[in-house]
Amino acid sequence: MNTFWHLVRRDITLARRQGASSFLGVAFFVIAVSLFPFAVGPDPLILASIGAGIIWVAALLATLLSLDRLFQADFEDGSLDTLVLAPQPLVALVLAKTLAHWLTTTLPLIIAAPLLAMFMALPASAFTMLMVSMLVGTPALSFIGAVGAALTVGMRRGGVLLSLLILPLYIPVLIFGVGALGAAMLGQDGSSALMLLGAFSLVSLVLAPLGAAAALRLALE
Amino acid sequence: MEDLAHNQTPPTTSGIALHDLACDRGGRRVFTGVQADLSPGDALVVRGTNGSGKSSLLRVLAGYIPAGDGSITWNGINVRDDIGLYQSCLHYVGHLDGVKPVLSVRENIALWSLLMGDPMDVDAALAHFGLRKLADLPAKYLSAGQKRRLNLARLGASRRPLWLLDEPAVSLDAQSVAQLESLIADHRRAGGIAIVATHNDLNIEDATLLSLGKQGFESQERES
Chain A
1 MNTFWHLVRR DITLARRQGA SSFLGVAFFV IAVSLFPFAV GPDPLILASI GAGIIWVAAL
61 LATLLSLDRL FQADFEDGSL DTLVLAPQPL VALVLAKTLA HWLTTTLPLI IAAPLLAMFM
121 ALPASAFTML MVSMLVGTPA LSFIGAVGAA LTVGMRRGGV LLSLLILPLY IPVLIFGVGA
181 LGAAMLGQDG SSALMLLGAF SLVSLVLAPL GAAAALRLAL E
Chain B
222 MEDLAHNQTP PTTSGIALHD LACDRGGRRV FTGVQADLSP GDALVVRGTN GSGKSSLLRV
282 LAGYIPAGDG SITWNGINVR DDIGLYQSCL HYVGHLDGVK PVLSVRENIA LWSLLMGDPM
342 DVDAALAHFG LRKLADLPAK YLSAGQKRRL NLARLGASRR PLWLLDEPAV SLDAQSVAQL
402 ESLIADHRRA GGIAIVATHN DLNIEDATLL SLGKQGFESQ ERES
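Residue numbers (this note's numbering), protein chains in the order written: chain A, 1 to 221; chain B, 222 to 445.
Read the hints as simulated data drawn from the structure, not as lab findings. These numbers come from a predicted model, not from an experiment. Every residue gets a Cβ at the ideal spot worked out from N, C-alpha and C, and that includes glycine. Some clues are possibly wrong.
Listed below are several chain B residues computed to face chain A (Cβ distance under 7 Å; list not exhaustive) [what the hints assert, rightly or not]:
id	residue
1	G319
2	L335
3	G338
To spell it out: a stretch of chain A is covered by chain B in this simulated footprint if at least three of its residues, at any positions, have a beta carbon under 8 Å from a beta carbon of chain B; those stretches are [what the hints assert, rightly or not]:
id	region
4	14-28
5	84-96
Bound-form chain B, shown alone (with noise of 0.2 Å):
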């Protein structure tokens, strides 16, 4: 209640707030109720089983997916109404790499930079995942684990508030998760916020836990 009352005064609250967060996808709901209230330098930690309805809520976090009920409010505006605006401050990182496979390592990350705005060092974002010797090579003969960490150097390689990542250490060796974990811990000093879904044990200090489908949203689902 002490939040609630809180987030009532406009020019004080930053951060994202979820209220009520409902999802609906071929006509089930996937889930429902979802309430997170995040500051900068929090995280948040979304585990649940295959079909939880992790991946939908990092979707409709960001933005893809219209909410089938509740709201999101970032830094004290319902996204809804400039969902422009919030996009342009959040990075996501689904299961698809973006990786194209005729550019050079570098070149890719580069791009991303300048299209995403708010460019950082790009050789910085490369040589955290240990990358910076690859830079020159055609992105196609990175193995999956190479290519995944070129995906999450981009989150190195322009300046964003909000990270939703979804998955992020699948296919990584335990030295690059690691990386990973630093990176996150850095973003979170900065003032970042960090979502992240996760089935590994991915060590994220101080986190909130959000648990889905273990509330019961999928089998009330299965019995109807």
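For reference, chain A alone in the conformation it holds in the complex (with noise of 0.2 Å):
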């Protein structure tokens, strides 16, 4: 177990010190939501019908972002073969980088979430809510988007394939996302909606790290 928590430390290290990758899917996140008050006007009527499917859009494209560098820097530089080396399987090797990706890139977008609710005009009574689901929800959009990245690691411009491999598998995660952000909204119960979220999640945890480690298997052929 220590070389796992060895290796999420390691690349949140990494992650602090190049600085710029959770500070720019941030800014991504929040640039591309703003966006929309000023393309369909201000009616904040119109806004709050939106918000809530363009926030979990911009989520998860500001997600895929930073997902093609997952495993792309230790393929390069050498050291996922050493990595391979490691007294742990591989898999365990894959849950750990994802971990470490999702608490850099995902986490601060979570955190992010409420201020861009508020330029959409949601009703507070969402906020908790589009918290909890993208708490749930994201997990899953990092494990997903692990196979992609293992896949197209050793690929010069695998960041575009990588989108067209892994988008239509986030539809289930943003159909659920917003339907249980929609029910708070409507003051409905929105937790069977969230309970499938979390289903989506513990079942891509489970299955992903498995495709992405016989990925990068083959990639280190």
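Both chains are sitting in their own frames, so use the hints and assemble them into the complex.
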């Protein structure tokens, strides 16, 4: 288990030293969402009705933005060769790297989300549900993304292919994430959508590292 | 034949044995019929022209590439049966240095020492390659030779019995080559095994020599 936490800490340290990655993701998220009031006009009724969907789509794209570097840096400088030799199964290392990626790039998005909910004139009662649904749903984005990142790790311009591979798989997360939020905004019980979202995250937590590890092994050949 | 008979008595065998090892890259057989039997303290020097399969052999031995044919036996067990256990017994040093530019020299080695398990004294590992004075410098300021030395210092930062070194002396100065030679000698004295692919005349005493390409594998492939 030690290697696992050392690797999580290493990736968090690297992300912090390189600085830009967390900040850029949040900045993209904020700018992308704040474009919509300019495009559709400041009518709070329209903004509130499309706000939940726009925040989720922007969060999804912001996550995607940093995913292509998840394994690529380690692959390019040869660290991945060495990591494979660590006394832990590769699946555990994939899990550690993905967890570190979620903590450094997705968690800041969740913290910034209430600010954007204000931009989009969402009712204050929905703020809690927005953060809870993102907390429950975004791990699925990171884990599914890890498979795509591992498959495209050896490619020069893998980012676009990564989007094509991954975005269709994000659709269930989007549906249930926005569904939970929409229910909360109407004063209904959003817990069933939330539970499905959680189920999706848990399934991807179990299956995705297996796929990503197999893809990385192929990339090392 | 004596060696083969010896290998069949399970508990006493230790070390690494290669039987008729072959490797395919891109549908082409790079080498075939590689035989070797190394006990603790032994060294194997792999030589050959460009493209003769030295790097491929080391990547097969590290378990990155599945062997096209033949088998590798580690301590009497076929490595295919427990690749994870085997991989946790070896160090691989390839062409890439795996140095993180934003971390300091010491942090780079300390991390590998923690991640690879069985950690040893990080400062001693750095001192061996004369990196002690640079320990707090971010690794992005290192020269190519210094980065190489930093990568090699990893060998001394966590204890593993099998070393696979692919052209370890590239871009090293004469003094660092001598330090590398003494590190390999110490490793063998402590019962370790070293398999080294090299063009340079890295001085490794009593090493078995394996020549790839010269046995006609490459020329055979070219004719077909």
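Results for each hint:
no.: 1; hint: G319; in the structure: holds, 4 Å
no.: 2; hint: L335; in the structure: holds, 5 Å
no.: 3; hint: G338; in the structure: holds, 4 Å
no.: 4; hint: 14-28; in the structure: holds (count 3)
no.: 5; hint: 84-96; in the structure: holds (count 5)
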